[in-house]
Amino acid sequence: MTRLSNEQVALRDAVRELADDKIAPRAAEIDQSGEFPWDMVELLAKQDILALPFPAEYGGLAADMISMLVVIEELSRVCATTGLIPAVQELGSLPLLHGGTDEQKQRWIPDLAAGKMLAAFALTEAGAGSDAANARTRATRDGDDWIINGEKRFISQGDVAGLVAVFAVTDTSPEQVNAHRHMTCFYLEKGTPGFSAPRVEHKMGIRGSTTAELAFADARVPDANRVGEVGDGWGLAMKTFERSRPGIGAQAVGIAQGALDVAVKYAGERKQFGKPIGLHQMIGAMLADMATHTEAARQLLWGAAERIEAGDPHAARWASMCKLFAGDTAMAVTTDAVQVLGGYGYTTEYPVERMMRDAKITQLYEGTQQIQRLIIARDLLANL
Amino acid sequence: MNIVVLLKAVPVVGTERLDGSLLTDRSVQLEANGNDEYLLEKALQLTETHGGETILLTVGPAGATEPIRKALAMGAARAVHVVDDAIKGSDMRATLDILAAALRKMEYDLVFAGADTSDGQGGVLGAALAVRLGVPYLSYASEIEPIDGGVRIHRLSPTGYDVLEAPTPAMVMGTQLLGAPRYPSLRGIMQARSKPVEAWSLADLGLAPAAVGGGASTTKTLDTSKPPERAGATFVREPADAAVTQVVDFLAGRRLI
Chain A
135 MTRLSNEQVA LRDAVRELAD DKIAPRAAEI DQSGEFPWDM VELLAKQDIL ALPFPAEYGG
195 LAADMISMLV VIEELSRVCA TTGLIPAVQE LGSLPLLHGG TDEQKQRWIP DLAAGKMLAA
255 FALTEAGAGS DAANARTRAT RDGDDWIING EKRFISQGDV AGLVAVFAVT DTSPEQVNAH
315 RHMTCFYLEK GTPGFSAPRV EHKMGIRGST TAELAFADAR VPDANRVGEV GDGWGLAMKT
375 FERSRPGIGA QAVGIAQGAL DVAVKYAGER KQFGKPIGLH QMIGAMLADM ATHTEAARQL
435 LWGAAERIEA GDPHAARWAS MCKLFAGDTA MAVTTDAVQV LGGYGYTTEY PVERMMRDAK
495 ITQLYEGTQQ IQRLIIARDL LANL
Chain B
1081 MNIVVLLKAV PVVGTERLDG SLLTDRSVQL EANGNDEYLL EKALQLTETH GGETILLTVG
1141 PAGATEPIRK ALAMGAARAV HVVDDAIKGS DMRATLDILA AALRKMEYDL VFAGADTSDG
1201 QGGVLGAALA VRLGVPYLSY ASEIEPIDGG VRIHRLSPTG YDVLEAPTPA MVMGTQLLGA
1261 PRYPSLRGIM QARSKPVEAW SLADLGLAPA AVGGGASTTK TLDTSKPPER AGATFVREPA
1321 DAAVTQVVDF LAGRRLI
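Chains as they are written, first to last, in this note's numbering: chain A, 135 to 518; chain B, 1081 to 1337.
One chain only, chain A, in its complex shape (with noise of 0.2 angstroms):
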């Protein structure tokens, strides 16, 4: 059984009361509003929340993964918007992380730590979604410098973000397009000239984290802002969703034990028939299977991360199948609490429907969880 050590139940425990004091009691305004809560990337800025997976070099608190699922559930639990933020913010520094040299750290990272910065991470097109390998937004060379046309779509934070990995086609012979050979991770600085963000999608939940439309049009930028080596791309984009996709799950996690906690102490209070509800055996049976799905999925959670971590040959697969687990079932458990709370759950007096509307996004984002369930079961038959 996985268990947390001293830290990381301090690190839960300071971030469980902050969200229940600072973030909760915001959570609802954020959704009615669809605006970005900067006043929420001030507060983590201030507990030091999204320095959490940078090295100590550069200013970071070099937690381990465990830790860092374990805030992004407990702010999740009250506000997913807000749980989404530390979450895409090592999303669009993983790839920096992963292949950006000494030099190009030592320019971005302490900026991301401090929050000072936010970054995004570029992948998906309108084309190209669940096959992100057919992404057509090019660079070419030209010079010292790499000039971007194209457009990225469903960018989380790309409108707000100081930062962002675009990844774009530079080479489109077959040999390397088969290869997934074509792709390079370029980071552009927002106030690039001709890379700009014309728009935000209005969404169904997280409706305070914004998810833009990115367009580049002979956006120039210099080989020095190049991550990894020319061709690199794809495979730097995989390794970041061995370690971004958890964070997903964890968000998927805390959605689902917040709908629960609302859930459980309704059916204590809500009485019919001349008992609590949740003394009715249709109720409780509910509430028993909400509780428990969601246990299982923070455990799956955090032996997958353990296992990433350990460098597992399968990380991949257990990341797709914590996230798949997990998303499942802050789907099936929110939908659970609207229907323990009836018509009240309905309304927006709880936060219920709001935990409802959030959950569907991690059954989207970061793959769908069709695309999860492919890469576990082309692992599974890999060595066959």
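Note that these hints are calculated values from the structure, not bench results. Glycine included, C-beta positions come from ideal geometry on N, C-alpha and C. Among the hints, erroneous ones may be present.
Among chain B residues calculated to face chain A with C-beta under 8 angstroms, some are [unchecked claim]:
#, residue
1, L1102
2, V1108
3, A1153
4, A1157
5, S1265
6, R1267
7, R1273
8, K1275
9, V1277
Computed list of lysine to aspartate or glutamate pairs in EDC-like fashion (alpha-carbon distance at most 20 angstroms, straight line) [as the list claims (entries may be wrong)]:
#, chain 1, residue 1, chain 2, residue 2
10, A, K405, A, D395
11, B, K1275, A, E169
12, A, K156, B, E1121
13, A, K324, A, E141
14, A, K180, B, E1128
15, B, K1300, B, E1121
16, A, K337, A, E169
17, A, K180, B, D1105
Fit chain B to the given chain A structure using the hints.
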């Protein structure tokens, strides 16, 4: 300026219970006494602004370690934890002896104490300790600031506030008006693991085990009873205008206005 903050590890509020000897059961999960955290916050602000160290002093069982770590995570530099099996059951007089002996071994300009604790609620330990140490005692501080060679506090009065000054070293007892304690940052939590916590035994303090603990207690608990149940509170959470109507209706309904 070095400030020693007296930090008591109390049972998590709401979980207090008595043991077989009718004493507060300290084998349950402990947390830092809420009132002490306000003084800790002020001490941290003062040492961050004017230099020096904030040092924690706790007398308590092994379970006090986690509340001490949390206080270190908030920013205290180090801690002294007086821990000894013979301390169990000590009354206020014995606790006073232990704290006085510990403070005599420490260098400080100020000692901070919370107004009282959520378990014992004695509220006299700070004053008694000041007498024992022979230092000035400034109580119910709502503001604390250093002055040349001393300390100045504000204390609320019916007409405003009184200003009290004393030379250091001195003991200051403060209230929640000092300002809410901070949340520990994650960096603070991770650094707290490597901050020094010195464990002192009674022998380190030159105290005989028989002089403290339940056996040496000069107070006896004859009987205990639970406070009478209070009627459920009504919370008004509406915006001001609607809240006023609700409160007026509530009072009028009971013919109180």
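Tested hints:
| no. | hint | verdict |
| --- | --- | --- |
| 1 | L1102 | violated, 31 angstroms |
| 2 | V1108 | violated, 16 angstroms |
| 3 | A1153 | holds, 7 angstroms |
| 4 | A1157 | violated, 18 angstroms |
| 5 | S1265 | holds, 5 angstroms |
| 6 | R1267 | holds, 4 angstroms |
| 7 | R1273 | holds, 6 angstroms |
| 8 | K1275 | violated, 13 angstroms |
| 9 | V1277 | violated, 13 angstroms |
| 10 | A:K405 to A:D395 | holds, 17 angstroms |
| 11 | B:K1275 to A:E169 | violated, 41 angstroms |
| 12 | A:K156 to B:E1121 | holds, 18 angstroms |
| 13 | A:K324 to A:E141 | violated, 36 angstroms |
| 14 | A:K180 to B:E1128 | holds, 16 angstroms |
| 15 | B:K1300 to B:E1121 | violated, 35 angstroms |
| 16 | A:K337 to A:E169 | holds, 12 angstroms |
| 17 | A:K180 to B:D1105 | violated, 37 angstroms |
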